[in-house]
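Novice: Here is how the chains run, residue by residue.
There are 2 protein chains.
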Amino acid sequence: MHDLDEFTVTEAALTQMANTPDARLKQIMDAAVRHLHAFAREVNLTPAEWLKGITFLTEVGHMCTPIRAEFILLSDVMGLSALVNALHDKTAPEKGTDTSLLGPFYREGAPQLKPGDSILSETAAPEIVLYGRVLDAGGQGIPDATVQVWQTNEHGQYDLQARSSEQMDMRGCFTTDADGNYHFRTVRPLGYMVPMDGPVGKLVRAQGRHGYRPSHIHFLVGAAGYRELVTALYFADDDHIDSDTVFGVSRSLVVSAKADPQAPLDLPAVRYDFRLSRAAEAGESRVGADPSKIVKAAE
Amino acid sequence: MHDLDEFTVTEAALTQMANTPDARLKQIMDAAVRHLHAFAREVNLTPAEWLKGITFLTEVGHMCTPIRAEFILLSDVMGLSALVNALHDKTAPEKGTDTSLLGPFYREGAPQLKPGDSILSETAAPEIVLYGRVLDAGGQGIPDATVQVWQTNEHGQYDLQARSSEQMDMRGCFTTDADGNYHFRTVRPLGYMVPMDGPVGKLVRAQGRHGYRPSHIHFLVGAAGYRELVTALYFADDDHIDSDTVFGVSRSLVVSAKADPQAPLDLPAVRYDFRLSRAAEAGESRVGADPSKIVKAAE
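Taken in order, these protein sequences are the chains called A and B. For the record, in the first sequence the residue sitting at position 255 is 255 according to UniProt numbering, with numbers rising by one throughout. For the record, in the second sequence the residue sitting at position 231 is 231 according to UniProt numbering, with numbers rising by one throughout.
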């Protein structure tokens with residue numbers, strides 16, 4: 001029997017979990033207990049603070065619905081999602097384009113569009129063109145690659161936020177030509193705040209953070225035999241380009257729309273070439289998920 | 001701007017939280033991010049495992065109701081509650097009796113009983129007597145100390161589990177005499193499983209753990225000017241005395257009921273003297289809470 005103090009209780013917990021049949025579950029929970037206990041010891045967590053933490057997590061749980069993934073938001077604002085992304089990137093067989101967060105607004109089945117189409121059904125904002133190539137790690141164009149795009153409109157809203165209907169908008173799916181080229185029209189998206197009306201928003205505010213994500217366009221690029229690329233392009237002149245609340249911005253993903261005589265359309269243009277790594281083994285997955293699937297899995 | 005990898009993302013997160021106005025919140029969240037990130041790096045958490053974790057936490061949150069504190073249960077089975085208890089004990093000005101978890105079954109307003117009364121309204125099980133003194137750290141008896149007691153019956157059920165009514169039973173409140181003496185009758189409680197029908201129970205089972213708490217009687221002992229003592233006495237011959245699922249047992253809290261000529265009643269007896277530390281500053285709190293208050297606070 002242990003005489004439990006703040007150190008021996010950790011040993012006792014690890015001992016009791018030592019016979020976990022699944023080796024990976026054992027490894028993860030062993031590490032979770034050690035790091036959780038080290039955290040509590042480091043800050044000398046008091047009973048009142050512990051109870052605040054329990055209440056906060058309960059509140060986060062109750063906020064989760066089929067259209068609101070508050071625990072993912074918590075992971076995002078603590079930088080955990082970006083960290084898991086970075087760890088995942090290291091497992092790619094080849095160096096591809098840097099990745100970024102999938103986020104909660106990806107939807108399957110976006111409309112298939114033709115090169116040069118606009119991804120917006122209507123807009124009063126000035127148009128820009130995005131173009132470039134999808135390349136393999138050696139720089140060869142990949143034909144028939146799928147380029148899925150989604151973004152906010154010029155008011156910072158995704159389709160589901162801008163309209164009452166379920167109709168998809170500000171998103172689309174393109175296919176590269178024989179040389180790997182893609183191009184489409186859109187408007188410059190506006191950055192936006194992460195949802196601030198829940199417990200995670202309260203925490204972000206209490207930390208003196210602004211809660212904004214800089215203006216960005218999401219991409220999901222895929223081709224047979226290549227690792228799926230989940231990324232986003234960020235606009236350089238956004239006020240929050242250096243302080244994304246969910247840590248999605250990498251220097252290599254920052255772009256500007258400018259006059260470009262080589263662009264396929266006479267509009268301010270962003271040129272970006274995506275590089276795909278060969279696929280690793282099967283069963284790769286993304287950092288991010290449809291909130292309705294999480295809540296369904298949790299029921 | 002950072003180029004984010006699995007290390008620089010930690011710096012980026014800490015930088016963004018560096019202006020938190022509340023110094024204690026800053027300290028706690030800084031440590032939480034560092035330890036959470038260190039955990040993810042150590043186990044090389046994959047996107048699929050991350051999503052499993054998000055789903056698990058969502059499930060735990062949805063399980064929380066006014067009568068079910070699933071996040072406290074998670075804290076309990078990971079040893080965090082016992083650890084926070086141990087940290088709290090170290091802040092006592094004097095060495096008192098070892099503490100143990102409050103648990104979710106404490107209820108305010110238990111009936112005030114007279115010395116020697118039974119805390120059970122009825123029972124077919126053989127009775128035992130518990131007796132002893134409430135002492136200060138110097139060994140002097142404390143008169144008029146309050147001794148609150150609660151436990152399961154011989155079938156391992158607390159009052160709310162055993163009956164459909166709200167009526168309190170298997171609990172009571174006693175007051176020590178001029179020399180600090182208390183005594184009361186009860187039956188030997190049966191150990192029980194923590195709630196195993198939720199996500200935490202699934203985890204405990206997946207870890208190959210039995211889920212039992214050994215047979216025990218809860219005590220909450222208080223007197224003006226002294227630190228409130230939250231503890232429990234555990235029965236030595238219980239099969240799970242060395243493997244309490246929530247890590248509540250300390251050697252000094254293990255007892256047996258035996259023949260005892262000095263006992264105030266002719267029944268198998270447990271003698272236990274409780275020692276109280278002087279109170280520290282005001283506003284002390286307990287590790288544990290009424291689930292209905294957590295859910296209320298979370299709404």
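Bear in mind the hints are in silico, worked out from the structure with no lab data behind them. Hints may contain errors.
[Unchecked claim] In silico EDC-like cross-links for lysine to aspartate or glutamate, where the CA-CA straight-line distance does not exceed 16 Å:
(1) A/Lys90 with B/Glu6
(2) A/Lys90 with B/Asp3
(3) B/Lys52 with A/Asp22
(4) A/Lys26 with B/Glu108
(5) B/Lys26 with A/Asp22
(6) B/Lys90 with A/Asp3
Novice: Look at each hint and say if it fits the structure.
Specialist: Hint check results:
The suggested pairing of A/Lys90 with B/Glu6 holds, with an alpha-carbon distance near 9 Å, which does not exceed 16 Å. This hinted pair checks out: A/Lys90 and B/Asp3 have alpha carbons roughly 14 Å apart, not beyond 16 Å. Taking the CA atoms of B/Lys52 and A/Asp22, the gap is near 15 Å; set against the 16 Å cutoff, the hint holds. Restraint check: the Cα-Cα separation between A/Lys26 and B/Glu108 comes to about 39 Å, which exceeds 16 Å; the hinted pair is violated.
Taken as a hint, the B/Lys26 and A/Asp22 pair is broken in the structure, with Cα atoms around 37 Å apart against an allowance of 16 Å. Pair hint B/Lys90 plus A/Asp3 holds up; C-alpha atoms about 14 Å apart against a cutoff of 16 Å.
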